[in-house]
Amino acid sequence: MDQFLQHAMNAAILGSTYALLGIGLTMIFGIMRVVNFTHGELYTFGAYMTFFFVMVAGVNFFLSLALAIVLGIALGALIEFVLLRPLRGADIDITMLVMIGAWIVMQNTEQMVWGGVAKSIDTPFPEEPLTLGPVSVPWLRVFIFAAAIALIAGTHMFIHRTRLGKAMRATFQDRDTAALMGININGINMLTFALGSGLAAAAGALLAPAFIVTITMGNPVALKAFAVVILGGLGNFWGAAIGGFILAIVEEFGAVYISSGYRDATGFLLIILVLTFRPTGLFARRERIG
Amino acid sequence: MNIRTSVLALSGLLCTAFAVQAPAQETIKIGVNMPLTGPVAASGNYIANGARIAADRINAAGGVLGKKLELLIEDNKGNPTEAAAVAEKLISRDKVPVMMGAWSSTFTLAVMPKLMEHQVPMLVETSSSEKITRSGNPWIFRIAPTSSMEAKVFAQKLGNLPIKKAAFLVTNNDFGIGAAQEFSKALKERGVQIGITETMDPHAQDLSAQLSKLKATDADTIFVTSVVEQLTLVLRQAKALRMTQRIVTTGGSQAPDQLIQQAGSAANDSYHIVFFTPWFPEQAVNKDVAIALVDEWKKRGYNPSGLTEGFRGFDGILTIAEAIRIAGKAEPKAIQQAFWKVKVKGVNGDISFAKDGPASKESGQSTANVYMIQIKDGKVAPVSF
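These protein sequence lines are chains Y and R, in that order. This note's numbering numbers the first residue of the first sequence as 173 and each following residue consecutively. This note's numbering numbers the first residue of the second sequence as 415 and each following residue consecutively.
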């Protein structure tokens, strides 16, 4: 039982970051119909920016996280403006190839700038973990969990309570009608991509101090984000949020009670089952972004 | 200047450049197949640096057979498919008579069929999987210790560590799984109980599931086999879970300086089996060679924590150069035969090859030295083994 609680805690924390990544990716697909292969690189970018601000520039830890997220949003906006805007209306295959190219270019640029040696980031949190009975959690992870939940809630509020959010939802439901109603589709696209990218950068910035920063840290993460999105249904906000937690729970308990060698496999097995029996995702009938 | 004249000027420049280059001195080419980019890029670059130091040292002393050594260092991107492609390119296009590579066991195993196909020898500087020298590939000569050699030396000298029950946490590839099997075998022979083996994806960053499970077992020592990046995470996350078990890392790709720097106090009290101890080069078997490498490494401003990897590249090129010298010509078959006769004083120790694997198609395996260190109060301390 003690062990069960510890694993449940691990899964909850991991799940919150999967959810964050999944929501960013699902928003971009839902509104723009773009399969964003740069998502993992935005995660890596957020991590390296946090490293830069904390360890190189000596900026306050929390401020560094905020700066990394802002830069992630800016980079997302730039990608949208330079690569995706000229491709609007192009075949989905072409967009996919361009995004794969962008992914490779970004990863190699990071390698050139930062080199191959992994980096680690100091945090202001105490090294001694928080101990609740048999369960032991580092303070940093408690913070990651809280920040991830806050970001998810904030994004949800933005989409559902603001005029811009309403415009995003309208564009999701019917792009042409939204345009006829005077919504600036280019603006909405840029906003969506920037916001989705910002969430990926936020996940990277939050997790980087807990893990270590490497060039390829985004690869497995991007795969997980795609898994979460498929699990929850493409373009489905709550689907991605809940899907993130489900994937983490399946992975954590799969690793413990089945085999750690199949940790990733258990997650993907679940996805195969979902695709077989509910091809539109687990939460297809629930509310979408629209 | 308009475009046409600048193009003309440029082509003129290029012509003279080629004209100057044409009568370049003939060199002996050595192919080096390393992960220079990708997830394990740091290690691959350290080995390339060690190789460069060795080649420069040999060339400064007049080269081999009156010719300079030329290293063709190619990037296998930390990917077995690319490693095989790099070998193909080095052999077919660059016509190298001998190669060094390919760091990880998985990459080396991917390259091995190419050696059989083209009949070119390769010196293996890092990979530890038993399969490499046991699969009947006579073009393989390995200076790195196998997991079983490492395990046996460790088990023989167990006395100082009171280990009753061991568990394993290994990276899920040829390197990690092989190490878990060999250490289990060697420890069992010494009467140590063997607990569970947990694996981790080579790219995994969150290892709390595996560690929580290990924490709950009654094993008093956990043997961890992976590369430095993942070991950093293991040490940190083990501390976060308040694990009290002894941690021993194996495999020789730990870079303890980097662990101290990045895992901080979580690295304290952990043990590490390494193949070179650059903190005390004077204790090495061939201390002159070891001190020379450490000095040159520092002089060039390379990252000091890379020495525990870099020495392999250095020893590898020294050994290859000696084989070429004995062969008397830079041809694959002659170099292969010459490898059996080399006696090199390397950083790790004396290098010479004994036969390993199925009869009549044996691979060469050198007996490497194995050391253990402990991290204490943020410093590396020798462990009297």
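Mixed in with the good hints, there may be bad ones.
From the derived model, a few chain Y residues whose C-beta atoms are all more than 10 Å from chain R [stated by the list, open to error]: (1) L235; (2) A319; (3) G433; (4) F455.
Within a straight-line C-alpha distance of at most 16 Å, the following computed EDC-like cross-link-like pairs (lysine to aspartate or glutamate) qualify [stated by the list, open to error]: (5) R:K627 with Y:D346; (6) Y:K291 with R:D671; (7) R:K443 with R:E502; (8) R:K713 with R:D470; (9) R:K579 with R:D615; (10) R:K629 with Y:D174; (11) R:K775 with R:E603; (12) R:K481 with R:E440; (13) R:K790 with R:D671.
Simulated DEER-style distance windows between Cβ atoms [as the list claims (entries may be wrong)]: (14) Y:L269 with R:K578: 20 to 30 Å; (15) Y:I430 with R:D683: 37 to 47 Å; (16) R:K545 with Y:A325: 29 to 39 Å; (17) R:Q607 with Y:H328: 26 to 36 Å; (18) Y:D294 with R:K599: 15 to 25 Å; (19) Y:L395 with R:T631: 51 to 61 Å; (20) Y:S431 with R:P796: 34 to 44 Å.
These are computed hints drawn from the structure, not numbers from a lab. The structure presented is a predicted model; accordingly, all values stated were derived computationally and were not measured. Ideal Cβ placement from N, Cα and C applies to all residues, glycine included.
Violations among the numbered hints
3, 5, 9, 11, 14, 15, 16, 17, 18, 19
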